[in-house]
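Peer 1: Chains as they are written, first to last, in the working numbering: chain A, 1 to 404; chain B, 1001 to 1404.
Calculated directly from the structure, the hints in this document are not laboratory data. There may be inaccurate statements among the hints.
Said to hold, decoys possible - Listed next, the in silico DSSO-like pairs over lysine-lysine satisfying Cα-Cα at most 27 Å (straight line): (1) Lys1121/B x Lys1220/B; (2) Lys48/A x Lys1284/B; (3) Lys27/A x Lys1027/B; (4) Lys1387/B x Lys62/A; (5) Lys1121/B x Lys62/A; (6) Lys1140/B x Lys121/A; (7) Lys140/A x Lys220/A; (8) Lys1027/B x Lys1284/B; (9) Lys1121/B x Lys1027/B; (10) Lys1121/B x Lys140/A; (11) Lys121/A x Lys1062/B; (12) Lys1350/B x Lys1062/B; (13) Lys1033/B x Lys1121/B; (14) Lys1048/B x Lys1027/B; (15) Lys1033/B x Lys140/A; (16) Lys320/A x Lys303/A; (17) Lys1350/B x Lys1224/B.
To be verified - Label-pair distances were calculated between CB atoms; the ranges are: (18) Asp1166/B x Asn59/A: 52 to 62 Å; (19) Gly276/A x Leu1015/B: 45 to 55 Å; (20) Gly88/A x Gly1276/B: 34 to 44 Å; (21) Gln313/A x Ser1058/B: 44 to 54 Å; (22) Leu1015/B x Ser351/A: 56 to 66 Å.
Values in this document were obtained by computation on a predicted structure and should not be read as measured data. Ideal Cβ positions, reconstructed from N, Cα and C, are used throughout, including at glycine.
Protein chains: 2
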Amino acid sequence: MLVVQKYGGTSVGTLERIESVASRVAKARDEGKDLVIVVSAMSGETNKLIEYAHYFSSNPSKREMDMLLSSGERVTAALLAIALNEMGHSAIALTGRQAGITTDNTHTYARIETIETSRLKTEINNGNIVIVAGFQGINKNGEVTTLGRGGSDLSAVALAGALNADACEIYSDVDGIYTTDPRIEPKAKKLDVISYEEMLELSSLGAKVLQNRSVELAKKMGVKIVAKSSFSDNDGTVITELDKQGDNMEEVLVSGVALDRNQARVSLRGVTDRPGIAAEIFSKLANENINVDMIIQNASENKTTNLGFTVPQNEIEDAKKVINSFDHDIESADYDESVVKVSIVGVGMKSHSGVAATAFSALAKSGINIEMISTSEIKVSMIIDEKYGELAVRVLHEVYGLDK
Amino acid sequence: MLVVQKYGGTSVGTLERIESVASRVAKARDEGKDLVIVVSAMSGETNKLIEYAHYFSSNPSKREMDMLLSSGERVTAALLAIALNEMGHSAIALTGRQAGITTDNTHTYARIETIETSRLKTEINNGNIVIVAGFQGINKNGEVTTLGRGGSDLSAVALAGALNADACEIYSDVDGIYTTDPRIEPKAKKLDVISYEEMLELSSLGAKVLQNRSVELAKKMGVKIVAKSSFSDNDGTVITELDKQGDNMEEVLVSGVALDRNQARVSLRGVTDRPGIAAEIFSKLANENINVDMIIQNASENKTTNLGFTVPQNEIEDAKKVINSFDHDIESADYDESVVKVSIVGVGMKSHSGVAATAFSALAKSGINIEMISTSEIKVSMIIDEKYGELAVRVLHEVYGLDK
């Protein structure tokens, strides 16, 4: 049985923590598992190095940043190998290059292209626990590249896929995926299992647990992820392919409720209703790297239309500039930063009507006005006044029976 | 004009220091020089990583240590490249691997075997200042190796040799090689020039300035070294091939006086005078990794002989154990840790008799007893009571006119 385990920054944040991870790895080894361990930099290290770089430049070369940032994971990998050796287990630390990870040329945000597994397989066959420095690879020219924030998750999933591992265990300081944020709703329950699609939609909940790109890659490669805590022995949550239309889960409609506080609403009134105007506005927003989330357009009346969308709060000023440049085409614009997005997510709602209606009526009963609505096959998102955000989460959590 | 510059740990010990090094490099660039810059880890970093490793193991795997320790130089290299870019100079940081440095397989103390210069030459031809992470390379199997303490000096000299550079400037916090330690003799003078051989013999003086292996390599490859301070604009000392029997330096007999406090004397009396006994003793000392420095054997009398040698002070206990194992062959052993070695060094003394005699008589006049003497072509070393160490340095410094 081959298992890939990944330990994030807080799991290896101190020497004591690395020792504790070593014990955990040794235990899995004693159970007879073949192991590939992916590690992040000790928590704080990457931020320290970024600060160092920013001392010299507000816009450092991305190639040099990769050279700089790839050092932290190597330190953790070597230390973990040393700790395991001392416990009597043969272990070897490999850089991204030595682990055969080749990426494209996009420095600081590279994509893994291939994993040449021969060295990894040789080390495993030689009885070694293989420790891989996460977050990094090299491109075809031998340049060091990194995979972006949370990239060690990606390293782990890609290695698990390439090695056809039985599971990819992602360890953090959270013991799995919850039906909602337990700080908001203490009745939140840890999920035993969740589908890739739901996990992706719950990203605002799961951001701390799992990086989205890794979930996408796991789905693509069919890698079963187990999200676990390195601070406990709890079971964690399995993230896998799941068809909730199957018998055993027929009654589960909604898996979780997510709250996203980082939203600002833009409402445009009296937009000239000529072909291509919406495309022009959103192209220009995209060119300015503004991430538009929800978009609502109402039916037009009197040759004008109303258009609403949301952006992250720290991009609202940039969005205003773009909107102001359309002053010939827009009658008035209204901006509201005191909104939040509350979402319900569940594969089960695909085949059941009325799931959205249940949400709308539950919020209405609690006197919560819904400003914008957007739905997908497995998600319903609603923009509401921020002061009702936590209440809405609790109301929705209860109405779908997630605390049961 | 191609110059290799190497900046040691204290020269890049803080972000401010790295900025200052960047300015220095930029200035040399503005003078039209092609530049390859070799950097050490920020001071303290390597020791910190060694401490980390020793938290887990008193005897960590050397391969893993190399993975661990090679990270510090990469950080400095990337930061220096970022700083230079910000100043408007194109610069690129390369790892030992990317700089083409291939070593043997001796982890933590590898020897450079070849330098494949094509990447370096391409970067130089493209107008880049090339920053190389010192102290490291890879072996033929792609494993990361390091060159031992002070290994960045070695990287710099090897690169200068391979690239046929016009000079190799080694920057530290000392502005050159002095006739003796200025803390002992304030009249000590900085030397403008010194031969490789003298530099090697003065290693106990120059240890902080230049690593011995680098001087040996420079001599072998004909690389002219300039030892300079990164904290001043002083000229520094040139270390090069020098024949002091030539006209211009005929009168210079002695270049410097060195004091080595890390000496312990072992005196063996009544050693059985049979063939091979000395070889047996010194082989066994070598097997225990005890570094024997001076060895004196007196002519034998009455089938026994007296044997004296010195070892580093921290190896005296190990030496005692070895000597005790010869109790059938040795009448008595005497150990003295309160001794120092004072040496005069100079290529000029090769062709001049009486240089040693001058030293002996000068020390005698000051009432300093010489316990052991050892001479080579360019060095006379004397073991004396440690309480006279500094006095001896001043007496010898004066008698050879080094303060003139």
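Peer 1: Taking the hints in turn, state whether each one holds.
Peer 2: Quick rundown of the hints versus the structure:
1. Under the criterion of a C-alpha separation no larger than 27 Å, the hint pairing Lys1121/B with Lys1220/B is consistent with the structure, at around 22 Å.
2. Pair hint Lys48/A plus Lys1284/B does not hold up; C-alpha atoms about 49 Å apart against a cutoff of 27 Å.
3. At roughly 57 Å between alpha-carbon atoms, Lys27/A and Lys1027/B are farther apart than 27 Å, so this suggested pair is violated.
4. Among the hinted pairs, Lys1387/B with Lys62/A is inconsistent with the structure: their alpha-carbon atoms are about 58 Å apart, more than 27 Å.
5. For the suggested pair Lys1121/B and Lys62/A, the alpha carbons sit about 22 Å apart, so the restraint of at most 27 Å is met.
6. Pair hint Lys1140/B plus Lys121/A holds up; C-alpha atoms about 20 Å apart against a cutoff of 27 Å.
7. With a C-alpha separation of about 23 Å, the suggested pair Lys140/A and Lys220/A falls inside the 27 Å cut-off, and the hint holds.
8. With a CA separation close to 54 Å, the supplied pair Lys1027/B and Lys1284/B exceeds the 27 Å bound.
9. Restraint check for Lys1121/B and Lys1027/B: satisfied, since their Cα atoms lie roughly 21 Å apart, inside the 27 Å limit.
10. At roughly 20 Å between alpha-carbon atoms, Lys1121/B and Lys140/A fall within 27 Å of each other, so this suggested pair holds.
11. Distance restraint check for Lys121/A and Lys1062/B: the Cα-Cα separation of roughly 22 Å lies within the 27 Å cut-off, and the hinted pair is therefore satisfied.
12. Our distance criterion of 27 Å between C-alpha atoms is broken by Lys1350/B and Lys1062/B, whose separation comes to about 42 Å.
13. A threshold of 27 Å between alpha carbons decides the hint, and for Lys1033/B with Lys1121/B the separation of about 14 Å falls inside it, so the pair holds.
14. Proximity of Lys1048/B to Lys1027/B is assessed by CA-CA distance (about 33 Å); at most 27 Å being required, the pair is judged violated.
15. At most 27 Å may separate the alpha-carbon atoms for a hinted pair to count; Lys1033/B and Lys140/A exceed this at roughly 31 Å.
16. Restraint check for Lys320/A and Lys303/A: satisfied, since their Cα atoms lie roughly 24 Å apart, inside the 27 Å limit.
17. For the hint linking Lys1350/B to Lys1224/B, the alpha-carbon distance of about 23 Å falls within 27 Å, and the restraint holds.
18. At about 34 Å, the beta-carbon gap between Asp1166/B and Asn59/A misses the expected band of 52 to 62 Å.
19. Gly276/A and Leu1015/B have their C-beta atoms about 51 Å apart, which keeps the hinted 45 to 55 Å range intact.
20. The given range of 34 to 44 Å is respected by Gly88/A and Gly1276/B, whose C-beta atoms sit roughly 43 Å from each other.
21. Our hint of 44 to 54 Å for Gln313/A and Ser1058/B holds, since their Cβ atoms are close to 52 Å apart.
22. About 59 Å separates the C-beta atoms of Leu1015/B and Ser351/A, a value consistent with the hinted range of 56 to 66 Å.
Hint violations for this structure: numbers 2, 3, 4, 8, 12, 14, 15, 18, all remaining hints satisfied.
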